[in-house]
Amino acid sequence: MNLALINMILKGIDLFVQLAPLAFNEIAKIDALRQLGVDFQANVLRLTDSAHADNANTLEAVEAWRKEHNL
Amino acid sequence: MTKREIRTSVMFTLLLCTLTACAHRVGSQVPVTHFEQALVSNAILASVNNSVTHGVIASNQAGVLPTDKAKAVLAQTERIAKVSDELTTILAKGPDAATLEATKIRELIGQVQLSVTALVADGSLGIKNPESQQTVLAEVQTIGVVANQILAQLQLGGVLK
Chain A
121 MNLALINMIL KGIDLFVQLA PLAFNEIAKI DALRQLGVDF QANVLRLTDS
171 AHADNANTLE AVEAWRKEHN L
Chain B
4 MTKREIRTSV MFTLLLCTLT ACAHRVGSQV PVTHFEQALV SNAILASVNN
54 SVTHGVIASN QAGVLPTDKA KAVLAQTERI AKVSDELTTI LAKGPDAATL
104 EATKIRELIG QVQLSVTALV ADGSLGIKNP ESQQTVLAEV QTIGVVANQI
154 LAQLQLGGVL K
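If you read the protein sequences in the order shown, they are chains A and B.
For the first sequence, the working numbering gives the first residue as 121, with consecutive numbering after it.
For the second sequence, the working numbering gives the first residue as 4, with consecutive numbering after it.
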């Protein structure tokens with residue numbers, strides 16, 4: 121196993137460590153909200169709103185970068 | 004894809020499958036559904052794609068990624084964002100409505116996979132700093148893994164047959 125591969129796997133583990141709490145937190149939020157009486161549809165909206173916001177931010181960032189470079 | 008990339012992808016798959024497979028509710032009667040897990044994965048996909056986009060822009064601004072390379076990578080992350088947004092709109096309608104658009108969902112996830120393949124096949128991604136390059140590459144591969152998870156979770160939830 122070469123060094124580049126080891127480094128790549130380590131980066132993957134770093135990413136996992138970053139993402140795992142995100143996934144577990146989301147599952148925990150669904151759990152907590154449901155116990156408080158928040159229904160399934162509200163969870164759907166909350167999670168899809170989050171995805172929409174990230175996608176909008178991505179598109180805005182790319183557009184701003186293109187303008188900056190006159191592309 | 005080289006053997007090394009395949010091995011790395013397998014590693015990510017194992018790690019991320021653990022991430023969602025182990026994620027379950029404790030202490031309440033109604034389990035988190037497969038559809039809700041798919042929504043969590045969908046939110047992660049959009050978030051990681053956003054992170055890749057900002058990472059690539061920052062690398063370009065720092066002078067470690069040529070503008071032509073950044074342009075090519077950003078074209079793919081932009082495509083992923085548009086496809087992800089379309090997928091999110093379908094998923095927002097709920098599992099029953101999403102079932103009626105199963106073919107479209109498969110097509111959209113396929114488009115995400117094509118973009119990921121294009122980015123990985125590009126090899127180096129063009130970033131001069133090896134550490135930044137590996138971070139961005141790992142994130143790109145994560146997008147592919149998470150897209151597969153959405154597919155699997157929707158299949159388990161009966162949205163996709």
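In short, the hints are calculated from the structure, not lab data.
Any given hint could turn out to be false.
[Stated by the list, open to error] Below, a list of computed lysine-lysine pairs in the DSS-like style, where the Cα atoms sit at most 27 Å apart:
id, chain 1, residue 1, chain 2, residue 2
1, A, 149, B, 96
2, B, 72, A, 187
3, B, 96, A, 187
4, A, 187, B, 85
5, B, 164, B, 74
Hints, one by one, checked against the model:
Among the hinted pairs, residue 149 of chain A with residue 96 of chain B is consistent with the structure: their alpha-carbon atoms are about 20 Å apart, no more than 27 Å. A threshold of 27 Å between alpha carbons decides the hint, and for residue 72 of chain B with residue 187 of chain A the separation of about 16 Å falls inside it, so the pair holds. A hinted pair counts as satisfied when its Cα atoms are at most 27 Å apart, and residue 96 of chain B with residue 187 of chain A does not qualify at roughly 34 Å. Note on residue 187 of chain A and residue 85 of chain B: the hinted pairing holds, with a Cα-Cα distance of about 19 Å set against a maximum of 27 Å.
About 37 Å separates the Cα atoms of residue 164 of chain B and residue 74 of chain B, which puts this hinted pair outside 27 Å; it is violated.
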